[in-house]
Amino acid sequence: MNSQADEITVSAQGLSRKFGAHTAVGDVSVVLKRGEILGFLGPNGAGKTTTMQMLTGNLAPSTGGVEICGVDLLADPTAAKARIGYLPETPPLYRELTVREYVDLVARLHKMPKATRSAAVDDALKRCGLVEVAKKLIGTLSKGYQQRVGIAQAIVHQPDIVILDEPTVGLDPNQIREIRNVIRELGRAHSVILSTHILPEVESVCDRVQILHHGETVFTDTIDGLRKFQSGRTVLFGLRRPPPISEMNSVSGVFRAETEGDNLFRVTFADNIDPTDEIVRRAVDKSWGLYQITPAQTSLEDVFVHITRREENA
Amino acid sequence: MIFTIAGKELKSLFASPLAWVILTFLQIMLAFGFLKRLDEFMQIQPQLVQVPNPPGITELVAAPVFATMAILFLFSLPLLAMRLIAEERRNQTMVLLMSAPLSMTQIVIGKFLGLLAFVLIVVGLATLMPLSLLLGGRLDFGLLASLVLGIVLLGACFAAVSLYASSVTAQPFVAAIIGFGLLLGMLLAGETAADGLRGRGWTIPAELAQVLSPLKNFESFGKGLLDSYNVVCMLLLLAVFLVLTIRRLDAVRLRG
Chain A
1 MNSQADEITV
11 SAQGLSRKFG
21 AHTAVGDVSV
31 VLKRGEILGF
41 LGPNGAGKTT
51 TMQMLTGNLA
61 PSTGGVEICG
71 VDLLADPTAA
81 KARIGYLPET
91 PPLYRELTVR
101 EYVDLVARLH
111 KMPKATRSAA
121 VDDALKRCGL
131 VEVAKKLIGT
141 LSKGYQQRVG
151 IAQAIVHQPD
161 IVILDEPTVG
171 LDPNQIREIR
181 NVIRELGRAH
191 SVILSTHILP
201 EVESVCDRVQ
211 ILHHGETVFT
221 DTIDGLRKFQ
231 SGRTVLFGLR
241 RPPPISEMNS
251 VSGVFRAETE
261 GDNLFRVTFA
271 DNIDPTDEIV
281 RRAVDKSWGL
291 YQITPAQTSL
301 EDVFVHITRR
311 EENA
Chain B
1001 MIFTIAGKEL
1011 KSLFASPLAW
1021 VILTFLQIML
1031 AFGFLKRLDE
1041 FMQIQPQLVQ
1051 VPNPPGITEL
1061 VAAPVFATMA
1071 ILFLFSLPLL
1081 AMRLIAEERR
1091 NQTMVLLMSA
1101 PLSMTQIVIG
1111 KFLGLLAFVL
1121 IVVGLATLMP
1131 LSLLLGGRLD
1141 FGLLASLVLG
1151 IVLLGACFAA
1161 VSLYASSVTA
1171 QPFVAAIIGF
1181 GLLLGMLLAG
1191 ETAADGLRGR
1201 GWTIPAELAQ
1211 VLSPLKNFES
1221 FGKGLLDSYN
1231 VVCMLLLLAV
1241 FLVLTIRRLD
1251 AVRLRG
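Chains A and B, in that order, are what the protein sequence lines are.
Counting along the first sequence from 1, when you hit position 192 you're at 192 in the numbering used here, and nothing is skipped either side.
Converting from the second sequence to the numbering used here requires adding 1000 to each position, the first position being numbered 1.
Incorrect hints may have been included.
As the list claims (entries may be wrong) - With a Cα cut of at most 20 angstroms, we get these calculated EDC-like pairs of lysine to aspartate or glutamate:
#1 A:K111 <-> A:E101
#2 B:K1011 <-> A:D104
#3 B:K1011 <-> A:E101
As the list claims (entries may be wrong) - Partial selection, computed: residues in chain B whose CB lies under 10 angstroms from chain A:
#4 M1001
#5 T1004
#6 G1007
#7 A1015
#8 L1096
#9 R1248
If you're looking for bench data, these hints aren't it; they were derived computationally from the structure.
The C-beta atom is built at its ideal place from N, Cα and C for all residues, glycine as well.
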């Protein structure tokens, strides 16, 4: 079983895609092991969807190749596609079919034998919480349920790899939590790639993250690696009698201090140094009137700023 | 696998009001034409008896029904075909088929067969009208069979052309208009070009015009003349447009 756990399910090397003169994706490589959940993170237009389209054979790459469980996607597309379940940005739903008819159709399109099909459809409906709406027309369902039908469609044929493009977009918080549970569950038996532009989503479900920016991979590491960028990197200090900003900047270990409102300072730390002690000491000595220290929520933007800065320095 | 897609397309067609409206409309038009012809036949029947070797009821009543159907297909098939590819692309449901382990050929042939099934339903319903004449008379079954075969081949050709038009754009109505335009152009090619070119001894352009004109090829079926030349011309046109559709969709995947 150990060899199976290390089995590489997706291996894409040097993928790039040009639309005319515009390069949507340039030289992106993706490697995924069985049982792993990989998050594609990036702002809109970073090339996440284009990369996924190439991984699923919906778009031919300009350069590079894709191997799905050792099968070359470009040379033998049907064999490779049989092992993929794909939920595009817009779920490809036939509104005039009922949920069950639709999921069954997808199972038939994936050549599932008649004997196991019905059970597989039932299983997919159950896992996505669709049992009670199985006989309803897809067109009459709410957005959240339609999204779940989209996921059911991607997993019904028990593919080795499930690729989900922004699976939680447009859902309410409860639905997001449920969908994330479904994805976590999927990650046990399948390999999952999901794309998102929400940082907490990656943190809560993914094992590994690959950040795309302007069609290139700017960062790829485990979730723990990503957390290093975040923990205590930026802290908010509330001071009743604030010193001039230059004084704050002069503290060693402060990479950058910015005022935020009248009394709030947003202080970003340099690598590997935590100047909080020093700032607190000064605040007491010079009676700045410290009343608040809060770790700032790191936004995706901050991570980008940090990563791109690091690349420029390197 | 092809039949799974064909079944899905047929089901989707009948899940929309469009197919039902078109079916109703076709049936009313055909029934009206049939009854009018039948009425005329009853009036001239006494005179026909005096003519040596007179034309029968199949030729005078059934044949015009099929001729009308040919023209009605020209209007209605592009409208039905626009849903098969153009609308799927606009609704972004085409991705489902593209991501499934299917070749583009299977997808296109499946969709074509779905549309052909609709054609067969229309032809089947329309054929019941001449068959009802058996209650009070006799039919020329040879001619009727030739008419049915001809109209099915013609419908298949129109379906293939309409399907290609549907793959050209992701705007359903533009696709329908392109399909209608192509079919109308082919009608004109057959009516004007084929005989004219042949008259001048320009064989190759004349044959090309003949292949491009399913309606022209249908004419001889209407006379009860089953000519393999016409059958081959129609099958050739059908194959060419199916291949064009497959290539067109492959190009979409390449170019994005």
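Verification of the hints:
1. Under the criterion of a C-alpha separation no larger than 20 angstroms, the hint pairing K111 (chain A) with E101 (chain A) is consistent with the structure, at around 15 angstroms.
2. Note on K1011 (chain B) and D104 (chain A): the hinted pairing holds, with a Cα-Cα distance of about 14 angstroms set against a maximum of 20 angstroms.
3. Proposed proximity of K1011 (chain B) and E101 (chain A) is supported: the alpha carbons are some 11 angstroms apart, at most 20 angstroms.
4. Taking 10 angstroms as the C-beta cut-off, the interface hint given for M1001 (chain B) holds, the closest approach to chain A being about 7 angstroms.
5. The interface hint given for T1004 (chain B) holds, since its Cβ lies 5 angstroms from the closest Cβ of chain A, which is under the 10 angstroms cut-off.
6. Annotation: interface hint on G1007 (chain B) holds; nearest CB of chain A at approximately 9 angstroms, less than 10 angstroms.
7. Satisfaction of the interface hint for A1015 (chain B) is found here, the shortest Cβ-Cβ separation to chain A being roughly 4 angstroms, below the 10 angstroms cut-off.
8. Of the supplied interface hints, the one on L1096 (chain B) holds, with its beta-carbon coming within about 4 angstroms of a beta-carbon of chain A, less than 10 angstroms.
9. A least Cβ separation of about 15 angstroms between R1248 (chain B) and chain A goes past the 10 angstroms threshold, and the interface hint is therefore violated.
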